[in-house]
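Undergrad: In case you want the letters, here they are:
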Amino acid sequence: GENVEQHPSTLSVQEGDSAVIKCTYSDSASNYFPWYKQELGKRPQLIIDIRSNVGEKKDQRIAVTLNKTAKHFSLHITETQPEDSAVYFCAASIRGNTPLVFGKGTRLSVIA
Amino acid sequence: DTAVSQTPKYLVTQMGNDKSIKCEQNLGHDTMYWYKQDSKKFLKIMFSYNNKELIINETVPNRFSPKSPDKAHLNLHINSLELGDSAVYFCASSQTRYGYGYTFGSGTRLTVV
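Respectively, the protein sequence lines represent chains A and B.
Take the first sequence: its position 100, counted from the start at 1, is 113 in this note's numbering, and no numbers get skipped.
Take the second sequence: its position 46, counted from the start at 1, is 62 in this note's numbering, and no numbers get skipped.
This list has only true hints and no planted wrong ones.
With a straight-line cut-off of 30 Å between C-alpha atoms, the simulated DSS-like cross-links for lysine-lysine are:
{"no.": "1", "chain 1": "B", "residue 1": "K83", "chain 2": "A", "residue 2": "K55"}
{"no.": "2", "chain 1": "B", "residue 1": "K60", "chain 2": "A", "residue 2": "K55"}
{"no.": "3", "chain 1": "B", "residue 1": "K87", "chain 2": "A", "residue 2": "K55"}
{"no.": "4", "chain 1": "A", "residue 1": "K81", "chain 2": "B", "residue 2": "K57"}
{"no.": "5", "chain 1": "B", "residue 1": "K56", "chain 2": "B", "residue 2": "K25"}
Hints in this document: simulated from the structure, not taken from any laboratory.
The shape of chain B in the complex, shown without the other chains (with noise of 0.2 Å):
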């Protein structure tokens, strides 16, 4: 019974390619996140949705759009992928804006090639 589950696991795609990954979380939390891991391990937050209010990471490339159905998924789409986009992207949750009870999914790898 996985709290926060993405999917795929991995994902290997052609460089210009459009891709989405999926995220559910079944906490009952009300904030969800995507982050980015690059390959030197560092975390760094791409969005946060919290009741229809998304707050972006200035730095993310407008090819990545977070798309959530219902406060339970926040699913993330890719345009036109590229080589630099090969990462680890995680999907977290938590249960108030403050970051409180924070809990990741497994992670998904994509490799663009």
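If we strip away everything but chain A, and leave its shape as in the complex, we get (with noise of 0.2 Å):
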């Protein structure tokens, strides 16, 4: 089955940097990479997904990034602010039969 990948495991930053995450995938037939938002004891949440048949994906601070032949994908949040401070999840869906295939999280820490 599907198997994904997330780096880094923690990662901090100083307000207004960039803060970069990445992800890989092992079956290329998933077609659709989400990414979620998780605070502090509450659900997780949908930020921004990307789906195959496009390379990028922009929605104000952030962004993500797909490379379909290296089974790969990053979100890329600009100008960094402490709201940003949380675990994100990249996942993906392989095409047809399977539920999302989540990564093992990031948590992100904002330095003001």
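Taking the hints as your guide, dock the two standalone chains into a single complex.
TA: Here you go:
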């Protein structure tokens, strides 16, 4: 089955700097790649997603890039703010029959 | 007007007991899921249920059983609870089997003592 690796497991940045989180997946049939943000004690919430027919997608300070050849995708957060501090999860879905497989998460701390 | 709701939010129980967690979604989604989040925050799929088709993660002990009375509900029943079952359990739903539009419930923190 699908396996998703996520790095780094923890990331600390100064407020205003950029943060990058990287994920790799194993199954070339995967075609949907969402990113979730989970604040302390709360549910994971979808922040951005990308499908395999697109190489990059941007939403304000957040962008995701996808390299299908290399089977990796990344989350980029620019101009980080303290409220960006949370655990971020990448995920991948195999076309058709299986639910989202998540990476192990990245704990992002934005230091004011 | 919560989209995916779970009850209870907290559950403390003794080893060996049987308990259930309820999940309901009002999004009209056709697939529902249960995920387990352990102390290291790893989100692991337990079950998915779509139009009466149940997909089970083979690593889930058979003490765990999902029950779906209708498309809007997927409950989780756990028999003979063990200390290692302590975790946060999240229900989720999506519009298609491809996972588009995944929405999570608020979670149930289960503590087995």
